[in-house]
Amino acid sequence: MKLLLIEDEKELALSIQKYLTGKDFVCEWVCSKNDAIDKISIYDYDCILIDLMLPDGNGFEILKELKCQKKTEGIIIISAKESLDTRLEGFNLGADDYLTKPFHLSELLVRIQALIRRKNFKGSNIVSYNEIEIDILSKAVKVNNIKIDVTKKEIDLLLYLIGNENRVLSKSAIAEHLSGDMADMLDNHDFVYAHIKNLKKKLSDAGSGEYIKSVYGLGYKWKNE
Amino acid sequence: MNKKLLNKTLSAYLVYSLLILLIAAPVFYYVTQKLYLKEADETLILHKKEFVQFAAPNMSESDIAHWNRFNRNRKINPVSNLLTDTIYTTTYYDTVEAELEPYRELHAPVTIQGVSYTYTGRINLVETEDLLKSIALLFFTIISILLAGLFFITKKLSQNLWKPFYQTLQQIETIEIDKAKQPGFSNTDIEEFNRLNTSIKKLIENNRVIYKSQKEFIENAAHELQTPLAVFQAKIDTLIQRTDVTLEQSEILDSLNDNVSRLNRLNKNLLLLSKMENDGYSDRETISLTNCIQKNLDFFTEQAKAKSLLIKMDLGEDFYTKSNPVLADVLISNLFLNAIKHNINEGQIIISTNKSSITFSNSGQAQPLNDEHLFNRFSKKNPSKDGTGLGLSIIKKIADINGWKVLYNYANNLHSFTISF
Chain S
4 MKLLLIEDEK ELALSIQKYL TGKDFVCEWV CSKNDAIDKI SIYDYDCILI DLMLPDGNGF
64 EILKELKCQK KTEGIIIISA KESLDTRLEG FNLGADDYLT KPFHLSELLV RIQALIRRKN
124 FKGSNIVSYN EIEIDILSKA VKVNNIKIDV TKKEIDLLLY LIGNENRVLS KSAIAEHLSG
184 DMADMLDNHD FVYAHIKNLK KKLSDAGSGE YIKSVYGLGY KWKNE
Chain B
2 MNKKLLNKTL SAYLVYSLLI LLIAAPVFYY VTQKLYLKEA DETLILHKKE FVQFAAPNMS
62 ESDIAHWNRF NRNRKINPVS NLLTDTIYTT TYYDTVEAEL EPYRELHAPV TIQGVSYTYT
122 GRINLVETED LLKSIALLFF TIISILLAGL FFITKKLSQN LWKPFYQTLQ QIETIEIDKA
182 KQPGFSNTDI EEFNRLNTSI KKLIENNRVI YKSQKEFIEN AAHELQTPLA VFQAKIDTLI
242 QRTDVTLEQS EILDSLNDNV SRLNRLNKNL LLLSKMENDG YSDRETISLT NCIQKNLDFF
302 TEQAKAKSLL IKMDLGEDFY TKSNPVLADV LISNLFLNAI KHNINEGQII ISTNKSSITF
362 SNSGQAQPLN DEHLFNRFSK KNPSKDGTGL GLSIIKKIAD INGWKVLYNY ANNLHSFTIS
422 F
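Going down the list, the sequences are from chains S and B. In this text, residue positions in the first sequence follow this note's numbering: the first is 4, and each later residue adds one. In this text, residue positions in the second sequence follow this note's numbering: the first is 2, and each later residue adds one.
Take these hints with a grain of salt, some might be off.
What the hints assert, rightly or not - So the derived list for chain S, only partly shown, Cβ under 8 Å to chain B, looks like this:
{"no.": "1", "residue": "Ile19"}
{"no.": "2", "residue": "Tyr22"}
{"no.": "3", "residue": "Thr24"}
{"no.": "4", "residue": "Gly25"}
{"no.": "5", "residue": "Asp27"}
{"no.": "6", "residue": "Val29"}
{"no.": "7", "residue": "Glu31"}
{"no.": "8", "residue": "Tyr101"}
{"no.": "9", "residue": "Leu102"}
{"no.": "10", "residue": "His107"}
{"no.": "11", "residue": "Asp187"}
{"no.": "12", "residue": "Leu221"}
What the hints assert, rightly or not - If we take Cβ atoms under 10 Å as the criterion, some of the chain B residues that face chain S in the derived model are:
{"no.": "13", "residue": "Ile124"}
{"no.": "14", "residue": "Gln250"}
{"no.": "15", "residue": "Ser262"}
What the hints contain is simulated information worked out from the structure, not anything from laboratory work. Cβ coordinates follow ideal geometry from the N, Cα and C atoms, glycine included.
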């Protein structure tokens with residue numbers, strides 16, 4: 004899959020690029036509006052990440068250009084601006100998702116995956132990992148073709164972990180992901196432990212492998228061994 | 002107790018007037034009476050002189066009885082042990098008026114046909130007393146009218162004179178430094194008041210400029226921090242992916258992670274406060290706060306579990322209020338968070354609502370909080386706690402925007418925050 008990152012903050016762009024490159028993704032990076040428009044006109048992407056404040060213009064202009072060219076790429080706005088108006092304008096101009104800075108790289112990755120899944124949706128929407136199968140639409144999880152009983156939060160956590168396979172996820176990143184809009188309210192990450200423990204137990208009870216590893220002092224990691 | 006400016010002037014006038022009246026009345030009465038007695042004495046002496054000069058030389062002994070018969074007020078008595086004239090005040094029973102009446106009486110030694118007699122002359126003082134009373138009354142009336150007039154004229158005059166001052170005062174009282182409304186001072190023809198108005202206008206203007214720049218500074222600072230924070234966060238996320246991180250390093254990274262999250266929350270709350278102050282949430286809708294509570298209950302129940310807190314709900318009938326929906330959510334979340342954060346392990350949270358208020362009560366430290374600085378930014382007692390120190394000021398600000406009141410109360414080991422509409 005090809006991604007285009009439009010971001011003028013070099014250090015942030017490099018980190019995003021590094022995190023996203025590897026697993027199925029190739030991430031190209033440009034740091035100005037004009038470069039972005041040049042790239043878009045020539046190539047097709049699966050997903051475009053747009054920062055709104057660029058040195059030579061506004062990210063919204065890129066959205067307008069994409070609309071003009073009748074492109075159907077998935078678009079995620081990544082911006083420090085957080086007002087409802089900016090959000091709405093972004094969605095009106097064809098953005099699919101909006102992520103406010105600062106964010107966890109893991110969060111960005113699962114948002115991109117979810118977006119691409121929605122874009123490529125053909126009748127079913129299933130994520131599978133070895134013996135585990137997650138039906139996103141019907142919110143069902145099967146292990147070795149046997150349905151197991153999980154909560155909405157646990158499915159969310161499972162998708163997040165699998166999506167960030169082989170990457171260490173800090174407790175605060177997991178907590179913020181699970182809390183969604185309420186993330187700003189958190190000051191205690193203890194509930195993450197409870198969720199991880201429950202999920203681990205349900206998976207192992209169903210005969211699945213031990214994929215969730217604790218990383219001492221830091222958090223957790225989904226890893227196939 | 003504070004007095005009004007006008008009352009202060011008037012009461013000074015009143016005290017002075019009463020004092021003058023109280024002192025003047027007896028003095029006036031005394032002096033008039035003295036003067037009158039002097040007049041009466043002179044009249045008595047004059048009558049005696051007339052008697053000595055014109056009547057006495059031609060009188061015979063038999064005439065004395067006649068004289069006494071026809072003169073009620075001038076008698077001649079045969080007794081004569083007097084050497085000089087004596088005058089005194091006394092009372093007699095008046096047969097005409099049928100009552101005791103005051104008299105001024107003169108006893109003087111006279112000689113008729115070589116024999117010594119006592120001449121007695123007297124004057125009824127009744128009429129003069131009446132006169133005296135009338136004069137005193139007149140004096141009182143005039144003085145009273147004068148003082149009353151003076152009082153009311155001063156009052157009216159002062160009222161007019163101080164009118165611009167009171168107008169200015171009213172303007173200042175309604176001024177809100179965070180609102181754009183300019184004070185409209187009217188021009189007066191009094192130099193001092195014009196000076197006062199100009200200075201106040203300048204003062205308000207200066208304060209506005211300072212307030213505005215401070216507000217902008219906070220907003221800009223918070224905004225500018227977003228990007229470096231994003232880089233910071235991304236770098237930590239990248240760093241923890243390394244496989245050669247030692248245990249010691251991972252502990253440092255974990256702490257960095259927590260603190261960058263905290264910084265992030267702090268920044269978002271500051272932005273929220275700035276935005277509220279800039280009227281960023283002025284659109285209001287009819288909402289149900291009970292719904293807001295129910296909506297957030299799951300999330301906070303999960304958070305409360307970490308401290309084994311018991312949440313008791315006592316929700317009254319559902320009711321509707323006007324507020325910006327985003328702010329209503331933020332308000333309820335902050336109340337929840339506050340009740341969880343400052344709670345003790347295995348404590349409790351009681352949420353109760355009725356038509357005019359919502360109360361969040363929680364167990365916590367066993368002494369009431371300091372009321373005064375409770376809602377100030379960053380006034381938290383324990384700075385090492387994870388909180389941002391902005392929760393209560395956000396609650397207060399949202400209540401202010403919607404015209405609600407926030408009350409803090411400590412009773413039965415429960416800290417209660419009540420929002421009343």
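These are the hints, each one checked on the structure:
1. This hint holds: Ile19 of chain S has a C-beta 6 Å from the nearest C-beta of chain B, less than the 8 Å allowed.
2. Residue-level restraint check for Tyr22 of chain S holds (minimum Cβ-Cβ distance to chain B is 6 Å; threshold 8 Å).
3. Hint status for Thr24 of chain S relative to chain B: violated, with the closest Cβ pair at about 12 Å, above 8 Å.
4. Contact between Gly25 of chain S and chain B, as hinted, is not supported at the beta carbon level, the nearest pair being about 10 Å apart and thus beyond 8 Å.
5. Interface hint at Asp27 of chain S: violated, since its Cβ lies 17 Å from the closest Cβ of chain B, which is beyond the 8 Å cut-off.
6. Annotation: Val29 of chain S was flagged as interfacial toward chain B, and the flag is violated, the nearest CB pair being 18 Å apart, outside 8 Å.
7. A hinted interface residue such as Glu31 of chain S counts as satisfied when its beta carbon comes closer than 8 Å to some beta carbon of chain B; here the least separation is about 18 Å, so the hint is violated.
8. The restraint placing Tyr101 of chain S at the interface with chain B is violated, with a minimum CB-CB distance near 14 Å, outside the 8 Å limit.
9. Given the 8 Å rule on beta carbons, the hint for Leu102 of chain S is violated: about 10 Å separates it from the nearest Cβ of chain B.
10. This hint holds: His107 of chain S has a C-beta 6 Å from the nearest C-beta of chain B, less than the 8 Å allowed.
11. Checking Asp187 of chain S against chain B: minimum C-beta separation of about 5 Å stays under 8 Å; hint holds.
12. Proximity of Leu221 of chain S to chain B holds as hinted, the smallest CB-CB distance being about 5 Å (cut-off 8 Å).
13. Among the interface hints, the one on Ile124 of chain B is violated; its C-beta lies about 105 Å from the nearest C-beta in chain S, farther than the 10 Å criterion.
14. Restraint check, Gln250 of chain B versus chain S: the minimum CB separation of about 9 Å is within 10 Å; hint holds.
15. Hint on Ser262 of chain B holds. Least Cβ distance to chain S is approximately 4 Å, under the 10 Å limit.
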